[in-house]
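Place chain A on chain U using the hints.
Residue strings, one per chain:
There are 2 protein chains.
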Amino acid sequence: MSSRGSGLQSKKAILIICDGMGDRPQKDFGNRTPLEAAYTPHLDRLAKNGWTGLMDPVSPGTPPGSDVAHFSLFGYDPYKYYTGRGGLEAAGAGIQLAPTDVAFRCNFSTVDDNFTVSDRRAGRIKDGTADLAKALNGMRLETVRDLTVEFVQTVEHRGVLVLRGSRLSRHVSDVDPHQLGVRVLESKPLENSPEAARTTNALNEFTRRSYEVLKNHPVNIERIRVGEKPANIILARGAGTFPQITPLSRLYGVRTACIAVVALVRGICKIAGMDVIDVEGATGGLNTNFMGKAEAASEALQRYDYVLLHVKATDVAGHDGNFEAKKKAIESIDRMIGRLTQAIDLSQCYVVVTADHTTSVSVRDHSGDPVPILIFGPDVLASDVTRFCERSVAHGNLGRIRGFDITPIVMNYLGKIKKFGY
Amino acid sequence: MSSRGSGLQSKKAILIICDGMGDRPQKDFGNRTPLEAAYTPHLDRLAKNGWTGLMDPVSPGTPPGSDVAHFSLFGYDPYKYYTGRGGLEAAGAGIQLAPTDVAFRCNFSTVDDNFTVSDRRAGRIKDGTADLAKALNGMRLETVRDLTVEFVQTVEHRGVLVLRGSRLSRHVSDVDPHQLGVRVLESKPLENSPEAARTTNALNEFTRRSYEVLKNHPVNIERIRVGEKPANIILARGAGTFPQITPLSRLYGVRTACIAVVALVRGICKIAGMDVIDVEGATGGLNTNFMGKAEAASEALQRYDYVLLHVKATDVAGHDGNFEAKKKAIESIDRMIGRLTQAIDLSQCYVVVTADHTTSVSVRDHSGDPVPILIFGPDVLASDVTRFCERSVAHGNLGRIRGFDITPIVMNYLGKIKKFGY
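Residue numbers (numbering that gives the first Met the number 0), protein chains in the order written: chain U, 0 to 421; chain A, 0 to 421.
Just so you know, not all the hints are guaranteed correct.
Okay, the calculated bits of chain A under chain U, using three or more residues with CB under 8 Å as the criterion [claimed, not checked]:
(1) 56-64
(2) 75-87
(3) 362-368
(4) 391-401
Rather than coming from a laboratory, the hints here were simulated on the basis of the structure. As the structure is a prediction and not an experimental result, all values here were calculated from the model. Glycine included, each C-beta is placed from N, C-alpha and C at the ideal position.
The following block holds chain U by itself, in its conformation from the complex (with noise of 0.2 Å):
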């Protein structure tokens, strides 16, 4: 009959993730969302002939984080198997963590002798961290003596400290105060248990060291010299361990690669198993390169069988509270895409495009509403929705599905999900 089952194994797929590209009606610009007011011939087609509806990133109303919302979109259940932002960090900065250490994210941040917080990003501190980190590798802590202290800076004012041992806790509060003006907090216990405890005791005390180690260091001694703030204190946030998931390629049998520049998402990719891959110009940025994204990722398709194309604009115009920049970001998504199926042979790619989450310019910050969702490719349904966008796509014939439904729905197509049952 038909030669089409073997087929089946050489599909591909690419998910396109919009950051925040999700947004509310907005009254000044004639109740339209950025998605409706910009031009997108490509998506609109992908949309008329593919499935679309809503997409909850992780529940109904619950706005996510950048890393549990890309936890969801690869499908893992975040509400199972999410352990905290600093395990995610660490895997992002190449840190490999024991199951029973704890890692947080970072900033060199900027304090006074009251530990008064006046930079949480000691001016955007870029030479010198290195130095620093080292001065405060190692450090033997005297309250939680069975301990090692492990600091890795990043990119910029960023790092990762990693306290490596046991009997330790994820569940435990952040010293970085998330705003200026007021004091260093003091880590306390999350859950009622020693480790917790054992936990907040470690961080404070590194925290009051670390500010006793940097004041006077070369780096920031130079710093104060030159009129720059001293990098004199490291504030922590987002305790977290490793996560204990099944990487997709496992999970699967596919071979996936990432294209991201933003390290968190990095490193979310490398933990699901995913190569990174590196696009000249790409930035995270509005001015990030779209056309080389749309050229690395149709390359990626070569050689993996799903790849996900990730963009940050769209989320920093949101934050922004910018709506031109961010209708001009989706514009230029939709050129990307333009690029990129032109590229690729659609009779055998499936093309994914959705946001982590919404980032209205209304609230420039992330918001619990669903997103919308396009599945174009071989053996889908044309939804006959006309255009992609929040409005029309709430008809189209997808209907309501959570972010870590598209994964395995993919899955389906490309047929690498194993049958639960006989």
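Quick look at chain A alone, frame taken from chain U:
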């Protein structure tokens, strides 16, 4: 006001499961699915006047086995309650399992001296299996001494092995390699427990010993003499225990019955507390007695509140990759439903039509696609969808539901579901 409140008690419902009926658009057939290509005036009428939508048998993207799908459609979340195929097969064969017993679906198969499989069904042996089973029954194992071995032959080459005893686990792999020309597998523990190790020891010894017992059995000597393949080994698969579920009859206080031929489906129905009704000429194949099923169903609705009518033909055609046969089976189902709906009082009976999964003619196996569903009857809202097919119901009024939502939805209409809370 209305006198219908009391009438609620007498309302009935029938759930018609067209096995594997869902499909994908087929390029060689005008980009239509078999359901779209079929002439289905009765289904279309029910769809227009009832709820229509998409249903994920277990979860989006996950291809369910028939066992798991039926479990779900009867309202039992398989992620919570499914305990493997073996327990369901045992129930289908009328075997009582203790909670500690582990059962396996088995085939009489043919191997050479080297345990290489040449026929997984022993030439579809029909006669003599009772004698062969007798020779295996009550075998004393040497590796695990405190178990009782029970082997029951069912239909043709099929049977059920029960290991009765304590400290057993269903988390063990199959000895059946599911293909020809390869050696029988060694069962391995699928969890790190002494119970799983003990169960594999017992199963592996039973498999070896079944060959020793059967190879020179008079039944097989005679089969070889007349040129037939000997049924010289038992190949087990699908370890399972008896699922701990409450029958529908007790859960909702309804009288339930099923009309089904397939042993596995009958097994699940029995576990769910249904009476099993036989229909003359019903075969589980393309040539089944559709009209006999319709008549049996309309009779059953006199005596029962909730009737399952299962038709296998659509799944058979899907596995065969035969578009025309599937279309024809759907048209036969449509006429069956026409006969049924003529015979019953539609003002007092709900009719639900759906599939347990997609068996697309292009994939020739179960897929994780959503399937169409319609719910017709008193008190339902008309969807105004004019065709019952994958494409149109995606825009229906029911939205997208899960398999295990169906039975509660029906029980709600029958006034049989308890309030949750006060």
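Verification of the hints:
1. 56-64: Contact hint for the stretch 56-64 of chain A vs chain U: holds, 8 residues under 8 Å.
2. 75-87: Holds: 3 residues of the stretch 75-87 of chain A have a Cβ under 8 Å from chain U.
3. 362-368: It holds: at least three residues are needed, and the stretch 362-368 of chain A offers 7 whose Cβ sits within less than 8 Å of chain U.
4. 391-401: Coverage by chain U holds for the stretch 391-401 of chain A (4 residues, Cβ < 8 Å).
Comparing the model with each earlier hint shows no violations; every hint is respected.
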